[in-house]
Amino acid sequence: MDLISQEKLEHMTSMEKIRLILDKVKTGRIVVLESGLTPDEEVRLIEMTMTEIRVDEFSGIEIESYPSRKESSSFLDRILGKGFKRRMTVIGPANQLRTVEKDQYQISTKVSVGD
Amino acid sequence: MDVFKSIRMGLGSWLNRIFGKRRAKIGIYGPPNAGKTTLANRIVNDWSGDGAVVGTVSNIPHETRRAVRKEGLLINSNGSTIQLDIVDTPGMATKIDFREFMAFGMSEDEAKKRAKEATEGVIEAIKWLDDLDGVLLVMDSTEDPYTQVNVTVIGNMEARGLPLLIIANKVDLPNSAPSRIRAAFPQHPMVEISALEGKHLDVLYDAIALNFG
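These protein sequence lines map, in sequence, to chains R and G.
Residue numbering for the first sequence follows our numbering, starting at 1 and increasing by one per position.
Residue numbering for the second sequence follows our numbering, starting at 1 and increasing by one per position.
Please note that a few of the clues may not be correct.
Residues on chain R that point at chain G, a partial pick, calculated with CB under 7 angstroms [said to hold, decoys possible]:
{"#": "1", "residue": "Pro-39"}
{"#": "2", "residue": "Glu-42"}
{"#": "3", "residue": "Val-43"}
{"#": "4", "residue": "Ile-46"}
{"#": "5", "residue": "Glu-47"}
{"#": "6", "residue": "Met-50"}
{"#": "7", "residue": "Ile-53"}
{"#": "8", "residue": "Val-55"}
{"#": "9", "residue": "Ser-59"}
{"#": "10", "residue": "Gly-60"}
{"#": "11", "residue": "Ile-63"}
{"#": "12", "residue": "Glu-64"}
{"#": "13", "residue": "Lys-102"}
Listing some non-contacts, in silico: residues in chain R with all C-beta distances to chain G over 12 angstroms [to be verified]:
{"#": "14", "residue": "Leu-3"}
{"#": "15", "residue": "Ser-5"}
{"#": "16", "residue": "Glu-7"}
{"#": "17", "residue": "Lys-8"}
{"#": "18", "residue": "Leu-9"}
{"#": "19", "residue": "His-11"}
{"#": "20", "residue": "Lys-17"}
{"#": "21", "residue": "Leu-20"}
{"#": "22", "residue": "Asp-23"}
{"#": "23", "residue": "Gly-28"}
{"#": "24", "residue": "Arg-44"}
{"#": "25", "residue": "Val-113"}
With the Cβ distance kept under 7 angstroms, some of the chain G side facing chain R (calculated, not the full set) [claimed, not checked]:
{"#": "26", "residue": "Thr-94"}
{"#": "27", "residue": "Lys-95"}
{"#": "28", "residue": "Ile-96"}
{"#": "29", "residue": "Val-151"}
{"#": "30", "residue": "Ala-159"}
Simulated from the structure, these hints should not be mistaken for lab results.
Even glycine gets a Cβ: it sits at the ideal position worked out from N, Cα and C.
So here's chain R without its partners, still in its complex pose:
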């Protein structure tokens, strides 16, 4: 399992983050992002995951993040679509990570080894 700090994520582009996550998950690692991804990065991660699904090799990812939480934001932030706090996210191979329960405050997952 790899826990990636907010500091590291802040210095990466969206594409670098997505590539890092997919490379790790495809080798069976669970990735925990301290500050999560933006909504746009999340959807691009799903998009790229779909292009990399292969029969009997990689069936996709399990990704879990909390629902967004609004931060106080300026008029300009709202125009730019900003003002939402990024929250911790866990991502793993679909055949190894399974979400047991999730709510606004807690994510419970089950990890199987050796599938």
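For chain R, the structure is supplied; the task is to place chain G on it using the hints.
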């Protein structure tokens, strides 16, 4: 998303709200088997008058694997009229395993073909997000609402400043619990319907006119 695109979409959304745009392109989103195509068929049947259907429905996930657009539906509700382009999108998912389809009796070849088409469908649904004025997010009210598909679609609509209406579908089923959806996403409007039985669709059309008009 680049800054200029964000500015364009954000400004567009504000201007639409200020000047009351009366035509909107609305995407129907949600996880597989939430009832998106059943709802799309209902809306089109109610307002096009030509008896057309948007797509076939099935209990096998990812029945819809290509987005289908139906243009120019005039919806009259509560004294206001809105012209809608409805886009029925394939179910969004983060994983697709062909073995899931074989459990429904498909051959291995059929299941693999469906899985391949389903991955393309998810990509198509994501691409459509860049070209919409709002979203109807369909959730199965018998299921846990905290799925990543729901969280991601809602997060994207919030970030883009676009209107979102949550549809708590399947309230005809005895184990439905739309209150769980309302508690999970209290910041967004929600209507409780049964697309299959046509229950509470008048409430849905009022909400569409209110939120997208």
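Evaluation of the provided hints:
no.: 1; hint: Pro-39; in the structure: holds, 3 angstroms
no.: 2; hint: Glu-42; in the structure: holds, 5 angstroms
no.: 3; hint: Val-43; in the structure: holds, 5 angstroms
no.: 4; hint: Ile-46; in the structure: holds, 6 angstroms
no.: 5; hint: Glu-47; in the structure: holds, 5 angstroms
no.: 6; hint: Met-50; in the structure: holds, 4 angstroms
no.: 7; hint: Ile-53; in the structure: holds, 5 angstroms
no.: 8; hint: Val-55; in the structure: holds, 6 angstroms
no.: 9; hint: Ser-59; in the structure: holds, 4 angstroms
no.: 10; hint: Gly-60; in the structure: holds, 3 angstroms
no.: 11; hint: Ile-63; in the structure: holds, 5 angstroms
no.: 12; hint: Glu-64; in the structure: holds, 6 angstroms
no.: 13; hint: Lys-102; in the structure: holds, 4 angstroms
no.: 14; hint: Leu-3; in the structure: holds, 19 angstroms
no.: 15; hint: Ser-5; in the structure: holds, 22 angstroms
no.: 16; hint: Glu-7; in the structure: holds, 23 angstroms
no.: 17; hint: Lys-8; in the structure: holds, 22 angstroms
no.: 18; hint: Leu-9; in the structure: holds, 17 angstroms
no.: 19; hint: His-11; in the structure: holds, 19 angstroms
no.: 20; hint: Lys-17; in the structure: holds, 14 angstroms
no.: 21; hint: Leu-20; in the structure: holds, 17 angstroms
no.: 22; hint: Asp-23; in the structure: holds, 17 angstroms
no.: 23; hint: Gly-28; in the structure: holds, 15 angstroms
no.: 24; hint: Arg-44; in the structure: violated, 8 angstroms
no.: 25; hint: Val-113; in the structure: holds, 18 angstroms
no.: 26; hint: Thr-94; in the structure: holds, 5 angstroms
no.: 27; hint: Lys-95; in the structure: holds, 3 angstroms
no.: 28; hint: Ile-96; in the structure: holds, 6 angstroms
no.: 29; hint: Val-151; in the structure: holds, 5 angstroms
no.: 30; hint: Ala-159; in the structure: holds, 4 angstroms
Hint compliance for this structure: hint 24 alone is broken.
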